[in-house]
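Asker: Sequences listed follow chains Y and G, in order.
The first sequence begins at 0 in numbering that gives the first Met the number 0 and counts up by one.
The second sequence begins at 0 in numbering that gives the first Met the number 0 and counts up by one.
Fair warning: there could be bad hints in the mix.
Below, in silico cross-link-like pairs of lysine-lysine (DSBU-like), each with a Cα-Cα straight-line distance of 30 Å or less [stated by the list, open to error]:
(1) Lys-213(Y) with Lys-249(Y)
(2) Lys-115(Y) with Lys-115(G)
(3) Lys-297(Y) with Lys-223(Y)
(4) Lys-223(G) with Lys-92(Y)
None of these hints come from the bench; they were simulated from the model.
Protein chains: 2
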Amino acid sequence: MTHQTRIEARIAEWSQQLPQGNLYAPMAYLMGLPAKRVRPMLVLMACELFGGKAEDALDEALGIELFHNFTLMHDDIMDAAPLRRGHATVHEKWDVNTAILSGDAMLVKAYQLMGKRPEVAALFSGYALNVCEGQQLDMDFERRDQVALAEYRAMIRLKTAVLLACALRVGAAIAGASVEDNERIGAFGEHLGLAFQLRDDLLDAFGDPARTGKQQGGDLRAGKKTFLLIRGLEVAGAAGRNELRDELAKPAGLRDVHRMLAVLEDLGVRAEAERAVEAGEHSAMQALDALAVEDARKAPLRALAAKLMARSR
Amino acid sequence: MTHQTRIEARIAEWSQQLPQGNLYAPMAYLMGLPAKRVRPMLVLMACELFGGKAEDALDEALGIELFHNFTLMHDDIMDAAPLRRGHATVHEKWDVNTAILSGDAMLVKAYQLMGKRPEVAALFSGYALNVCEGQQLDMDFERRDQVALAEYRAMIRLKTAVLLACALRVGAAIAGASVEDNERIGAFGEHLGLAFQLRDDLLDAFGDPARTGKQQGGDLRAGKKTFLLIRGLEVAGAAGRNELRDELAKPAGLRDVHRMLAVLEDLGVRAEAERAVEAGEHSAMQALDALAVEDARKAPLRALAAKLMARSR
């Protein structure tokens, strides 16, 4: 059985045993939407990498995926998002109160699976707080005029990257990896997660809409402070160019996204972002190389990282 | 040092070490509002009852109080409540998104304290889900025309009573109480919690506003389906009396609360509710009596129960 099959089977089984009612139905709905299941995959792969059995980490793999979906349920309320994975968000399909409460119960459900080993629970709680801190920074940044690049990196590290690190470290802890290797696999996850998120920013701007399934430059049109816009404004300011500021001064619907993209290209910001992605990938691979584990065992994680990095959407 | 002093000191210390920022400030604010701290008291008292040291249960006592305050933070959003303990609710003082996210992080913080012992974590998670289920029923009932008395009792059991049981059982578990005694102390907490909530319903209706600090009959005016209104409508229906229905048909602001109170008194519903409170207290005391613990050690819990039951607000 592949990890993917194992995870999907465990999720389906979990959903079926949920009690009836409005508290649990939204959990089954959200968990049932098609998803890549990257985080539970990382739990199982890290467990096997260090000589553990994937079966022994399956509960925690599900727990991480439940936690991730809990954050999606609540983030979608905060962002007033109508769609998630191409379907209605929970607060749209039910209502805001149901999404708050069902999300709360989903976090408890995640802990039921993460709480069997105190050291895993402690690891998980630390990272769970990081994810909340990242979401808080994201909301804070929306209200601010200026965000520095270092602040943006700190935010995506907390909001996105650390949960990949958490998944890997949980799998490693279950397999009994050494403290050093547990930290190294965490570093691999963080670098990979940062690179993944920056690649996402790049795809939103420069990706092929036919392949990403999203409108090109959606983040730029919305004035969202990603790597590209933050760095673009910095470099443009230093070069005395005002095109980006001029576009941002317009209402979102009237912004000329193609002009913004051309400026970012012209200023070398696209190239800089691509270098940052490559640097992240490189650091991730270095952390993986440093693990005190036979090289052949690292192949599955290398393949997953390559797949994540090569994705067009 | 009294338990009360110990708990307040631990809360103050905990609040002071929180990081800066909008994620943590609402937690310190809510935890800093004056409160009775019944649940953490129960953790410490149950721990001592079974021969443990209160110091050893102080983290879990704080964890239960954090969980309780997390539920208040989110419940207040769902109920659109402007005030909590006489002060602005978190979503009023900050905003809804901050209250959602800070509450989420508060639940994680609670788990950091409850997760040190897997058996305590498992106990806690089960009850935490019960509390969510109770809040869900409460919201479901608001949208329904009719709620049976048994359903109402099931709801307040989940929403209120079980957390008292949880607090006591956590304290008992830390002290190493037997399985039988752990269940008995849980039964004591549940009966006490049910009686406590029914007493609260009675006080809202028949309490002296000068002592409760609340407008008399606020629940009745709002048409809230408490024991009194549910049972009142049942008994009135059987007796062919329409006063309660007539008042409920009016807009909330025009309802004659004193007429409703007189009807409830006249139909014997007030007396019935008082008997239900007494029955709950009696069952609680029976559960306490049955504990395989020297009787003198039970005195502090008996005193706390008496104080809770005699309270005027």
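Asker: Each of the hints needs a verdict: does it hold here or not?
Answerer: Status of each hint after checking the structure:
For the proposed pair Lys-213(Y) and Lys-249(Y), the alpha carbon gap of about 22 Å is at most 30 Å, so the pair holds. For the suggested pair Lys-115(Y) and Lys-115(G), the alpha carbons sit about 10 Å apart, so the restraint of at most 30 Å is met. Taking the CA atoms of Lys-297(Y) and Lys-223(Y), the gap is about 37 Å. The hint is violated against a cut of 30 Å. Of the pairs offered as hints, the one joining Lys-223(G) and Lys-92(Y) holds, with about 27 Å between alpha carbons and a cut-off of 30 Å not exceeded.
Violated hints amount to a single one, hint 3; each of the other numbered hints is respected by the structure.
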